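Student: Take the two lone chains and join them into the complex the hints point to.
Protein sequence lines, in the order shown, are assigned to chains C and P. Okay, so the first sequence: first residue is 12 according to the numbering used here, each after it adds one. Okay, so the second sequence: first residue is 210 according to the numbering used here, each after it adds one.
Since the hints were derived computationally from the structure, they do not count as laboratory data. Take these hints with a grain of salt, some might be off.
Said to hold, decoys possible - No farther apart than 30 Å at their CA atoms in a straight line, the calculated lysine-lysine pairs in the BS3-like style are these: (1) P:K213 <-> P:K281; (2) P:K281 <-> P:K253; (3) P:K294 <-> C:K88; (4) P:K281 <-> P:K294; (5) P:K294 <-> P:K253; (6) P:K304 <-> C:K88.
Said to hold, decoys possible - Among the chain P residues that face chain C by a calculated CB cut under 8 Å, a handful are: (7) G234; (8) S267; (9) L270; (10) G271; (11) R278; (12) L279; (13) L300; (14) K304.
Source: prediction; values computed, not measured. Virtual Cβ for every residue (Gly too), placed ideally from N, Cα, C.
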Amino acid sequence: MPLKPRRIEVVLETLLESIALAEEIGVSVAAAAGFDEDDQYKIGLAVHEGVMNAFQYGNQQQRERKIHVLFELFSEKMVIHVADQGTGFRLEDVPDPRTDENMLGDSGRGVLLMRTFMDEFDVQVVQGGGGEVIMAKRYRAQNNSQAM
Amino acid sequence: MSLKATSREIGGVTVIDLDGRITLGDGGALLRDLIREKVNSGHKMLLLNLAGVNYIDSTGLGELVSGYRLVKAQNGELKLLNLTKRISELLQITKLYPVFEIHNDEVKAVASFSQ
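Extracted from the complex, chain P is given alone in its bound form (with noise of 0.2 Å):
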């Protein structure tokens, strides 16, 4: 199953629900092009919905990091909503975990944000 993803704006935050699997090929690059088309129109506060990811693979992650890289390099902030458990496994193997802002709460996250 390739990678759909959706986004919406909730108070000043751009939340991006994605859906199916995060590696090498499409679901890496639309992922990729997508955060980069966010951050350049001027969104900054990203939330990536996982709730639907159910695979990711080494190449996935690089992409996320590299979101965050991004999102970071222009004052913005990227964080997480929704792991499922095995994606929260392997940011706890990867030691990705304690980088990225995570959160079970849509609402709580949303207001986590600098506003």
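For reference, chain C alone in the conformation it holds in the complex (with noise of 0.2 Å):
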């Protein structure tokens, strides 16, 4: 019988702090979950950018709107949800900051280090409304997965 995954989940106000303290705890999570350094800041910069995506897109820097983060401890990866109380977006409409019309623009790059920092990553509106990012990254051979 598979395990059940350990869940660690965090509701944040939408504050400016909130984004670092969100990425402070990402990469505990991370280290507890046996991530090496490098892997703890790219899993600490990706909850930072889902976090601050909530905080500036989705909420609209209003306070009173609530930040949820779950961390997800499977028995092969790290799963990350960052949901938000806005009206949620569609990937497709995120630019790619990398093409030469987009190269020096303000957008799409948030998304972009998610997605290359993290091994998965999707977006989806919840139930009700809302944006969520969901990200997860796999241990490594190395990694001790029971840590926690």
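Tutor: Here is the structure:
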């Protein structure tokens, strides 16, 4: 019978400080799960970008809206959900900042970094509204995923 | 750790030494305001020393790009000095690496500006 994932859920206010706080929690969870320092940084930056996206675009910097961050530790990977209470967005609407026309623009780099640093990345619209970023990082062979 | 910035003049080039994180909020805003202030006061040859910058998020990358655009629009030059491995990796991922002129030697970097 497969083991149930270990779950850590954090509910954050829509505050600038919540971005760094979520990043710190992400790094701590990643370290405890056995990821090396380089992967801890990548996971931390991905969480930072996900929560920053929820803060700025999803919740429109409205403090009363919440940002839900869920860390799930499965036997083979760590899955992170970042959900906001905005209207959601579609990945196909996010410009690719690597193209010539978008290179000097202001959009798309956060999504690109999350996609690059994580092994799996997707965006969904939460039931009842709101956007949710779902991303995962698989353990490398040397990691001890049973650390927690 | 928030961002600290100090600037110095070498042969007409403004070297801005940055230390800390360039992220949404204080760090990004400080960099944006500093570049704008320098350009508005006639300093159009800017060299950003990123040796002490250990962390940049997508907003911080946007501030670098927007500073580059602002300086270029004033017929100036904005160049980068001493990228850490992580910042270099971020510029590679976002394809911004070839956009900027990047140096590892301050003397050569200062000399590279059109005088």
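Student: Each hint needs a verdict: does it hold in this structure or not?
Tutor: Each hint tested on the structure:
{"no.": "1", "hint": "P:K213 <-> P:K281", "result": "holds, 24 Å"}
{"no.": "2", "hint": "P:K281 <-> P:K253", "result": "holds, 8 Å"}
{"no.": "3", "hint": "P:K294 <-> C:K88", "result": "holds, 26 Å"}
{"no.": "4", "hint": "P:K281 <-> P:K294", "result": "holds, 26 Å"}
{"no.": "5", "hint": "P:K294 <-> P:K253", "result": "holds, 27 Å"}
{"no.": "6", "hint": "P:K304 <-> C:K88", "result": "holds, 29 Å"}
{"no.": "7", "hint": "G234", "result": "holds, 5 Å"}
{"no.": "8", "hint": "S267", "result": "holds, 4 Å"}
{"no.": "9", "hint": "L270", "result": "holds, 5 Å"}
{"no.": "10", "hint": "G271", "result": "holds, 5 Å"}
{"no.": "11", "hint": "R278", "result": "holds, 6 Å"}
{"no.": "12", "hint": "L279", "result": "violated, 11 Å"}
{"no.": "13", "hint": "L300", "result": "violated, 11 Å"}
{"no.": "14", "hint": "K304", "result": "holds, 4 Å"}
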